[in-house]
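**Q** Here the protein sequences line up with chains A and B, keeping their order. Using the numbering used here, the first residue of the first sequence is number 1, and each one after it goes up by one. Using the numbering used here, the first residue of the second sequence is number 153, and each one after it goes up by one.
Quick caveat, the hints were computed from the structure, so don't treat them as lab data. These numbers were taken from a predicted model, which means no experiment stands behind them. Just to be clear, a hint being listed does not mean it is correct.
[Unchecked claim] Here are the simulated EDC-like pairs of lysine to aspartate or glutamate, each with C-alpha atoms no more than 16 angstroms apart in a straight line:
#1 B/Lys340 / B/Asp370
#2 B/Lys308 / B/Asp348
#3 B/Lys281 / B/Asp370
#4 B/Lys225 / B/Glu215
#5 A/Lys21 / B/Asp348
#6 B/Lys308 / A/Glu24
#7 A/Lys8 / B/Glu226
#8 B/Lys220 / B/Asp194
#9 B/Lys278 / B/Asp194
#10 B/Lys165 / B/Asp329
#11 B/Lys281 / B/Asp343
#12 A/Lys8 / A/Glu24
#13 B/Lys340 / B/Asp362
#14 B/Lys204 / B/Asp189
#15 A/Lys130 / A/Glu118
#16 A/Lys127 / B/Glu295
#17 A/Lys130 / B/Glu295
#18 B/Lys204 / A/Glu118
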Amino acid sequence: MSDKKKKKLTPTQQEYQAFAKEREPQRPVLANCLKAFLVGGAICLLGQGIQDFFIWNFDFTEKTAGNPTIAVLIFLSVVLTSLGVYDHLAQWAGAGSAVPVTGFANSMASAAIEHRTEGFVLGVGGKMFKLAGSVIVFGVFAAFIVALIKTF
Amino acid sequence: MLQGHQSWVFPNKPTILSSATVVGPFEGEGPLANDYDFIHSDLWLGQDSYEKAEEKMMEEACERAIHKAGLQKEDIQFFLSGDLLNQIISSSFAARTLAVPYLGLFGACSTSMESLALASLLVDSKYAKYALCGTSSHNAAVEKQFRYPNEYGAQKPPTAQWTVTGAGAAVVSPQGDGPKVTSATIGKVIDMGISDPFNMGAAMAPAAVDTITAHLRDLDISPWEYDLIATGDLAM
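Turn these sequences into a full structure, and let the hints steer you where they fit.
**A** What follows is the structure, given as structure tokens:
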């Protein structure tokens with residue numbers, strides 16, 4: 001816990017939190033890292049395979065094959081999310097399935113599915129960016145700053 | 153009547169005449185499967201939203217509890233209930249269907265015991281002949297409201313709990329066969345600053361300990377006088 005967060009707590013709260021922390025089951029960090037590495041790597045390998053497929057079979061160059069590759073990966077992720085498989089994979093893989101583009105697609109598809117019962121406009125339309133929205137906002141903002149730095 | 157600082161002792165010993173539980177598929181796979189009155193195989197219960205499914209479970213639990221007590225809806229004076237959703241909608245809409253005078257409670261996980269304590273208080277003080285108390289939660293509806301979308305791939309830590317899909321109801325009456333409610337202790341909210349939504353156990357445990365100690369202090373008894381001291385929440 002950060003020091004700033006700790007300062008807001010009373011001594012009793014701090015004592016209890018230390019007490020509770022000792023007793024809670026720990027995350028298996030090393031195993032999680034290994035799983036994330038394997039799954040994340042496997043997704044990237046799949047992506048590379050798809051990219052090569054586009055380059056060899058169609059009129060794509062290494063640069064232009066990126067877009068259709070991402071589209072295929074997003075499609076696969078959305079299908080797996082819709083079938084209720086992706087969240088189980090993610091529980092096992094952790095960051096391995098969250099960091100690649102498939103994780104981003106999952107965050108949008110899952111929110112869209114979740115809020116379907118509230119209607120298409122206010123539910124799906126309004127809430128599908130619930131999780132992905134911040135990625136887009138800060139992504140665009142960061143890109144803007146980088147562009148400014150590059151320009152001047 | 154009040155005993156000690158925060159406990160009620162019920163001299164007339166209200167009886168839990170009947171109780172009923174309706175749960176979802178995951179709970180039905182657990183070790184308590186034989187103790188539930190009804191296990192649904194579908195999280196949706198044929199409804200078009202999880203919130204409506206929760207309401208339906210609540211209604212079913214209430215109907216079954218009333219039926220098991222050999223009563224009619226009209227015999228119940230008050231219905232005390234709550235749940236985890238905004239504006240306790242599942243309970244409120246179940247109360248609409250039941251058409252019984254309704255007291256909505258918002259104790260989150262403590263609602264099951266809060267409603268039982270208040271129902272016993274009403275019955276014991278003769279302000280009600282039959283009081284129905286209950287609570288409900290729905291895993292998918294709660295995940296949606298408090299955490300992430302159900303299909304979102306976020307790794308849950310080992311401390312994460314599964315919020316129950318289920319509803320329970322009980323009929324409390326002044327006499328009859330069944331467990332007696334002899335006393336109740338109302339607990340305080342104890343905030344130890346745990347802010348992790350995936351660690352509800354550590355967040356709630358201090359309040360449980362505080363309430364149990366207060367109960368033993370108010371009633372001036374030792375823990376050994378009980379065969380079993382149980383606590384819990386709307387999760388597993």
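**Q** Decide, hint by hint, whether the structure agrees.
**A** Hint check results:
1. B/Lys340 / B/Asp370: With Cα atoms ~14 angstroms apart, B/Lys340 and B/Asp370 stay inside 16 angstroms; holds.
2. B/Lys308 / B/Asp348: holds (11 angstroms)
3. B/Lys281 / B/Asp370: violated (28 angstroms)
4. B/Lys225 / B/Glu215: With Cα atoms ~8 angstroms apart, B/Lys225 and B/Glu215 stay inside 16 angstroms; holds.
5. A/Lys21 / B/Asp348: Satisfied, since the Cα-Cα distance of roughly 12 angstroms is no more than 16 angstroms.
6. B/Lys308 / A/Glu24: holds (14 angstroms)
7. A/Lys8 / B/Glu226: Distance of about 52 angstroms is beyond 16 angstroms: violated.
8. B/Lys220 / B/Asp194: violated (24 angstroms)
9. B/Lys278 / B/Asp194: Between B/Lys278 and B/Asp194 the Cα gap is close to 41 angstroms, so the pair fails against 16 angstroms, i.e. violated.
10. B/Lys165 / B/Asp329: holds (12 angstroms)
11. B/Lys281 / B/Asp343: violated (37 angstroms)
12. A/Lys8 / A/Glu24: Since the Cα atoms of A/Lys8 and A/Glu24 sit roughly 22 angstroms apart, the hinted pair is violated (cutoff 16 angstroms).
13. B/Lys340 / B/Asp362: This hinted pair holds, its Cα atoms lying about 8 angstroms apart.
14. B/Lys204 / B/Asp189: violated (20 angstroms)
15. A/Lys130 / A/Glu118: holds (14 angstroms)
16. A/Lys127 / B/Glu295: Given that 16 angstroms is the threshold and the Cα spacing comes to 15 angstroms, the pair holds.
17. A/Lys130 / B/Glu295: Holds: A/Lys130 and B/Glu295 sit about 14 angstroms apart, inside 16 angstroms.
18. B/Lys204 / A/Glu118: holds (12 angstroms)
The structure fails to meet hints 3, 7, 8, 9, 11, 12 and 14 from the earlier list, while all remaining hints are met.
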